[in-house]
Amino acid sequence: MLPRAEIAHWLFAAGFLFFGLVLLAEAIVGQAVFRSRPWRAYLWPSLALFAGIWLWLIAVFSTFSTLHLVAHSVWAQAATAAGAVELARVRGRLHSQYWSLVTAGALFISGASFLVHEQNGWLFARSAFLHHLIGWTLVVASVFPLGAAFRPRRALWSYGFALTFVAVAVMLFSDRDVASIFGHLSELAGGRP
Amino acid sequence: MNELVTPRAESAGRSRTARQTFRVVAIEALGPLTILGGIVWALAQPYRVTFFYPDGKGFWDWAVQPPLLVVLVGLLFSLFVAPGLVEDLEGADEARGDAATR
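Protein chains in written order, with the numbering used here: chain P, 1 to 193; chain G, 1 to 102.
So here's chain G without its partners, still in its complex pose (with noise of 0.2 Å):
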């Protein structure tokens, strides 16, 4: 075997884990990307919520605004489900990579 060669178990080990990697920053990204939306469409349209224009607005407005609902959502995804998921990738990763090793 030479510089030029890898061998296959290692290739193989490479592309999971690039492909991990991937799922990974998949997962942490969706909560993040949710907030932004939700920001962008408060900026884009002010009108959608209450703080901005709060003349002559009633309870429901106050309790359900669109564009916060997207941030909470968002909000509420990376702190309660992302976090475990993510752990949980790499935990698993890391059980299929002993077995391999073994």
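The following block holds chain P by itself, in its conformation from the complex (with noise of 0.2 Å):
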């Protein structure tokens, strides 16, 4: 009863183009406004903090190879520490803009371990590409966050982080099992010899 892997992969991608929504809201509307409301600014800590419960429960059950399960554990690792950092800010118990560097450390490990953990090419699969697509993106995008730890006032750190959360999103919903990536699919993947 489990769910195939690509399942909840789609499950995540639905989560995380709400967050990117969100997320895109917060910078078109500015903080101010969308904070006014409590339930919304506890929006995305909340959400992170559930991604990396549930990232655990998927560590748990994700115990078909050791570098799956470190990897998937690095990124419950990541969205914990992230969604508790932005709580803390958003109840006022964290003040610096430096607190940013923790999501921004938390994009970058994120994104390398799924550079390190996919260990063939980009097209064996559309999988292996996605691995390394979705890593790359994810240690790009950490200097969404970077910036904002150094110069919090420009709105392009805001629209770059949740934008990153959005293509994540569609990356995720590509995502098969087995499946060609531009017409190639290895052997060793299930492609046809």
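Listed next, the stretches of chain G that the computed footprint assigns to chain P, with coverage defined by at least 3 CB atoms under 8 Å from CB atoms of chain P:
#1 23-37
#2 79-90
Away from chain P, derived, C-beta distances all over 10 Å, residues of chain G:
#3 Ala44
#4 Val49
#5 Asp55
#6 Glu94
Keep in mind that the hints were calculated from the coordinates and are not lab data.
Don't be surprised by glycine CBs; every beta carbon is placed ideally from N, CA and C.
Quick one: dock chain against chain with the hints and give me the complex.
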């Protein structure tokens, strides 16, 4: 009764898309208006924490390889840490703008673990391609919270951060357990010899 | 002052209103655009929707249909997030306008 990996990825994609829309809305209206209702202020940190907890669950069940277990655990840890820090910032417990560096670190580490745990090349199969693409996207996107830590007033960081989640959602929705990428599918991945 | 000259305060107010209108339209458009994206995807790849190809499908195939998830996300945003945001954006603008005329 456990869902296939692609099903779990699509569910996460839906969460990422909602995440992205909420962050995009925050970038459009500005933080002051967005946080004028407490539930909205708590929405993104809560979703990040929820994603972290869910990723821990997936880490528990994705025991088909040590690399996957470690990678899912790293993502879970990164999401939990970023969610916890953002929650503390919304609550007013943390004030420094430099706490954005935790989110930057979480994105960078998440991206790096995507890249490290994919042992096949870009055109091995669609899932391998997406691992590389998502990994590099997250590594590059870590520049947005990094920028927010040093130049917090620039809107570019908020828009970039929000659009990263929308882009990752599109990539996760494209994932299939076994599928070709640009006509390539390795025999080892289930393609025809 | 003649009809060719716009007072500076009026001009600033107009550009603020235009910016505010753009923001309201952008917020209101996010949900419907997402829903449209899901519908276009369902039409482009009908095999990703279990309702169109129901043979031999299990529980998870019925529960999780990617294009319908996109539509659902758009609906959730349109119904639960966007209306309050637009209301608060207009409220903030009115408050700013009142403060400027005082």
